[in-house]
Every structure is written in C-alpha cells, then in structure tokens.
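This is what each chain is made of:
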Amino acid sequence: MSKIRSKVYVAGDNIDTDNIIPAQYLNLVPTIPDEKLGSYAMAGLPDDAAPFVDKATGKTPYGILVAGKNFGCGSSREHAPVALGAAGCKAVVAEYYARIFFRNSVATGEVYPFETATPLVSEFKTGDEAELDTDAHTLTRLSDGKVFPLKDLGAVAPVVEAGGMFAYARKEGMIPSAAH
Amino acid sequence: MKQTLTEKILARAAGRETVSPGENVWAKIDVLLTHDVCGPGTIGIFKREFGEDAKVFDREGVVIIPDHYIHTRDEKAHRNVATLFDFAKEQDLPYFYPPWTNRYRGVCHVALPELGHVRPGETIVGTDSHTCTHGALGAFSTGIGNTDAGFVMGTGKMLVKIPETIRIVLTGKKPDYIAGKDVILRVIGDLGTGGATYCALEFTGPGCAELSIEDRMTICNMAVEAGAKNGIFAADDKALAYVRARTKKPFEPLVGDPDAPVKAEYSYDLSKFVPCVARPHCPDRYAPAADCADVKLDRAYVGSCTGGKIEDFEMAARVLDGRKVAIDTFLVPATVEVAEAIRTREIGGKTWERIFAEAGCIPVSAPGCAACLGGPVDTFGRTHGNEVVISTTNRNFIGRMGSKTAPIYLASPLTVAASAIEGRIADPRKYL
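Chains A and B supply the protein sequences, listed in that same order.
The numbering of the first sequence is our numbering, which starts it at 1 and goes up by one.
The numbering of the second sequence is our numbering, which starts it at 1001 and goes up by one.
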C-alpha cells in the first residue's frame, strides 16, 4: 500500500494504552478475530472525546490517527495496535511513540507508525480528509492540498518493508522460510 | 571500547565483543516471561507461525505466571488461564505457577525474582511493560508484545535495538522516610514521561548501596514510565546474595565501564529527597506530598508489582501501627510470600495483619494484580465512580484503576498510609 486516503482522527499528547484499549478488555485474545477487539479501539478516551468507532458497525471511519507526543505509552499490550488495526485504522501519525507500542506496530504490521517532522495536531481536526503516502512519507490535507513531511521509518524500515517480524526473520534466514 | 552494563549484556547475548547504540542485533534470550493476559495471544502467534506441534525454544526458559485476572468470575479470563494450563501441559513446562493450585504465586514481577528466575548478566523479556523490574538484579530485562514473544518462544532470539544509556548517579544517605517510590517518581518527574524513550536507565553511584533489593525493583519497575526500554543496577554483594539464596543455576554477572559514553547523566543526593506524589493523570506529575495537603481522598490502595512487596507492607504497617484510617484502605499483597509475611511478621508483638485490621483497613485480599489496572468489573479495589485514590501502584492514567472519572495519585507506601489516616494527602514524616 502506498496511499491511504481517509478521514483523520486527532488526539493529543501521551495517549496511553488504557486510552487505546482499556484493561477491562484484556480478557479478549488478539489472535481470536471473533472477539472483536476493534470495536473497543480508543474506548478509554475521556467520555467527552469524539467517538472513534461507529457503534453500529464496530469499525472506525478514521483510517489515519494524528496524535502528539509519546503515543502508546504505558502497557506492552499488543491488544493496542491490534485493536486499532481491527477497527480499520491504517496508520498513526504522531510526533513520537512510546517504544513498545512502536515496536508492536512494526512487529504485527497492524498500523504504520509514522513520526511527524513537525507537530501536526494543530494542523488537522477530527473529520478532515487526508492522504498519507507511505512511500513518499507525506501527509496531505485535502481541503487545501497542503503537504506535511513525515520522517522515514529509520532502522525498522526493513522490518516494515518485509511485512512484520516473522516475514523479516524469514527473509534474514533467522527462521526457516518453509514454515507456514 | 568502553561500554555500559546494558551494552555489555546485549553484546554477550549477541555473541559479539561490542555493540553500539542504535544498531539492531539478534540477541539470545535466557528467560521469556508471560501471564494470563498476554500468554494466550503469544501462544496463538507461536502456533500460527511455527505450527501446532512446535516446541518452545527451551522448556526451562519459558516462565508462565498468571496474575492479572485471577480472582474474578469473568468467563473469558478463566478461559485464558485454561489456555495456559493446556499449553504448559503440552510443552511440559516446569516453571508454570497456576492459580487454584499450591504452586500459585501472584504478581509475575515479584514472583520471578523470588523464584530465582532473575539472574545477573542474563537477558529477560516479558509480555508486560513492567518486565523492566528485573534490572534491579543486574539483568537486561524489557517488556515486549505478543508477536515478539511468539518469536522468542520459538527461537530463543530477539531482534534488539541497542539502547543509548541515561546514567542516574545516586549519592548520599537515604532517610528512613524515603522509599524507592520517592526516588523514581522524582526521576520520572525530571525526565518526563517520554524523556527516556528507547533508552536504558542505569542507576549507579555510592547511593545504590543505600537501597534494598526491593527499593531497586520499585525503581526499575517504573523506568518504563519515563519511556525507558530497561532500568538496571549492577549486581552488588547484596544482589548476588539475594539471587544465590534463590537459585542454584550458575550465572555470570557483568559490570559496565564507569567511563562508558552515555546519552546523559544526572546526579541525585538521596538525603535531599522528600516524600512525594505523582498527580493525575501521568506518572511524571511530581509534587512533594506536603504541597498537596488540600487534596481530599476517598480511597487508599497498597499493592502491585511496584508497591505490594514485603517492605511495602512493612512501611504501611509502621505508619498504621496504633492509628486508624479515615478512608477505605485496600491491601493487595503481590505474592503468596508477601501474604505470608503480612500474616506472620510483627511490629511490637503484633502481626502486620493485626495492625492493619486494628487500623480499620479492609481485610487483606488474595495475591494478584487486582485493581492496579482496573480489570474485570468484579475486581477487588476497582474504582466505579468518582473516587479520589492514592495508590502505591505505577500508573495513574485516566481509567487505569477502572473508572475514567476516578483520579489517581501515586505515592510510596509510607505516604499512602499517612494519607489514609488523614483522608487527605499527607507527608508521612510526622508518623515515623
């Protein structure tokens, strides 16, 4: 995938993993799709925040989540990127990430974790249409065509390009490629 | 090339002489820790990627300690524990500590060192962000997700980015009113919640000798609240004695070069610390407890991997001995060993349990994670309304203990106990 065109959802700094998927839903197992983890994505935001998931469909209309500093801080729960991905979110664009959330996003391939070159939270509001180019590393605001540069993925780019941790390890010869 | 302790451990695990911050290496993992919340997903990935009949990389290298959602009627939580029972049996795992048996231990990060699974110089990864606790004994230890854990389960290896080190130099004498929690809340307050992101937080200096092993666990446990990949103390004689009393397995400790280059270095004099809290809703919102006397409380909570150990309850008992709590006070021992200490250890001829009962605390619960992270609705101590809580736990994010409208203040067991007496945030010094 190189271009993602979608509405954006805008969140602030220090969005923690309890905001992304509250601990009461950790009884759900991310490898069991029937448990519908996605329908609880961002359920831990304060009640006055705009709903992220459409209750009727259990999916999000927001394919791109724009956030500030330290996105995904807190728990190592892989439920967090899995919930976002299962809800239909394709990418997070934040100033920077907590380490484990970033790593889990890369390892699972659930969402692209792009870092912004400049703070973007004030450049977008929830519901704006945008286009993310994952090859050119840009986010374009479609209302006026303004293009915002993103950082490249750095040291994890080979893992992302391979399609996640297992695909990368097979490519590297760390585990046999014959495994299914 | 001069190297920090974290770099030396990872270099050895990668089969290399040296490693440099920023590079990715495949490191050999000695111990993979998992629990009931992330174990089933890890097992799901392990089987999906390596096959239904695959075997774990080392039977003795996989430690499973269910602890999160144990004392609940939640059916899915029980299903998850059952998944662990099946897997441990299928793989014939010797280090599975299941609930509803006499092998149950409680909170994984307190049980892992108690059981001798933490050894200096080794590499530990766990499907829980507070796996960084185990750096207290000179191991490299960090939290990972299910996908990485599934990979480690099958291969015993992990792709590790070598972290830069931030060195925290501790000097001076630690006053008896200062706990490990006061030290780490101050450091997090200074660094900020993202201030150590991707870094190793290494604690050095003559002040380290002032800290008990449990103080060091409390401190390393919360390294992740500043974003750190791991927290670490070099293993001194105190640490080696602790480990040798708990395992016969050989291990080779490492020490870092004192003059190894680091990203940053900060110094703290332990004698200058004051009892403190982290205000809602972030662990970096440091404030001296004495400055928060206007905060009225509804509930006090002592428990968790960072605040439910033996010395944590000893601190609470010291303050509560002969006094009464003014608010609901919940006590959750981390492990069976801690629960035993509460029942049997004494101050002035009275067991801690009796001290807590006479102070009017709610009867001590069974060991486990309980309300530290909210959990299923029937979890002991979980918030359901607008309760203002002071807690010895490690996170005060919105909704962390259950209710989104219940603000949480984090503090040491001394400060939590003093605050329970007054029903307001209180500096514990007047009670010691």
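It should be emphasised that the hints constitute simulated quantities derived from the structure, not laboratory data.
The model shown is predicted, which means the values in this text are computed figures rather than measured ones.
Check each hint, because a few of them may be wrong.
[To be verified] Cβ-Cβ distance ranges computed for the label pairs, FRET-style:
no., chain 1, residue 1, chain 2, residue 2, range
1, A, Pro61, B, Gly1015, 29 to 39 Å
2, B, Gly1015, A, Asp48, 51 to 61 Å
3, A, Thr138, B, Glu1017, 36 to 46 Å
4, A, Pro61, B, Glu1358, 56 to 66 Å
5, A, Pro149, B, Gly1022, 14 to 24 Å
6, A, Lys3, B, Ala1245, 53 to 63 Å
7, B, Gly1022, A, Asp135, 22 to 32 Å
8, B, Ala1209, A, Arg5, 58 to 68 Å
9, B, Gly1022, A, Lys171, 19 to 29 Å
10, A, Pro46, B, Thr1101, 46 to 56 Å
11, A, Ser122, B, Lys1002, 37 to 47 Å
12, B, Ala1326, A, Asp48, 28 to 38 Å
13, B, Trp1026, A, Pro61, 48 to 58 Å
14, A, Pro149, B, Thr1018, 50 to 60 Å
Where a beta carbon is used, it is the ideal one built from N, C-alpha and C, also for glycine.
Each hint, compared with the structure:
1. For proline 61 of chain A and glycine 1015 of chain B, the hinted distance range of 29 to 39 Å is not satisfied, since their beta carbons lie about 49 Å from each other.
2. Separated by about 53 Å at the C-beta atoms, glycine 1015 of chain B and aspartate 48 of chain A satisfy the suggested range of 51 to 61 Å.
3. In this structure, threonine 138 of chain A and glutamate 1017 of chain B meet the distance hint of 36 to 46 Å, their C-beta atoms being roughly 42 Å apart.
4. In this structure the supplied range 56 to 66 Å holds for proline 61 of chain A paired with glutamate 1358 of chain B, their Cβ-Cβ distance being about 57 Å.
5. In this structure the hint that proline 149 of chain A and glycine 1022 of chain B lie 14 to 24 Å apart at CB holds, the actual value being about 22 Å.
6. At about 60 Å, the CB distance of lysine 3 of chain A to alanine 1245 of chain B agrees with the hint of 53 to 63 Å.
7. For glycine 1022 of chain B paired with aspartate 135 of chain A, a C-beta distance near 24 Å keeps the hint of 22 to 32 Å intact.
8. The beta-carbon spacing between alanine 1209 of chain B and arginine 5 of chain A, approximately 59 Å, falls within the hinted interval of 58 to 68 Å.
9. Glycine 1022 of chain B and lysine 171 of chain A have their C-beta atoms about 21 Å apart, which keeps the hinted 19 to 29 Å range intact.
10. A hinted range of 46 to 56 Å is violated for the C-beta pair proline 46 of chain A and threonine 1101 of chain B, which are about 41 Å apart.
11. A hinted range of 37 to 47 Å for the beta carbons of serine 122 of chain A and lysine 1002 of chain B is consistent with their spacing of about 43 Å.
12. At roughly 32 Å, the beta carbons of alanine 1326 of chain B and aspartate 48 of chain A sit within the given window of 28 to 38 Å.
13. Against the hinted window of 48 to 58 Å, the Cβ-Cβ separation of tryptophan 1026 of chain B and proline 61 of chain A comes to about 41 Å, which falls outside the hint.
14. Range check, proline 149 of chain A to threonine 1018 of chain B: about 35 Å between beta-carbon atoms, so the 50 to 60 Å window is missed.
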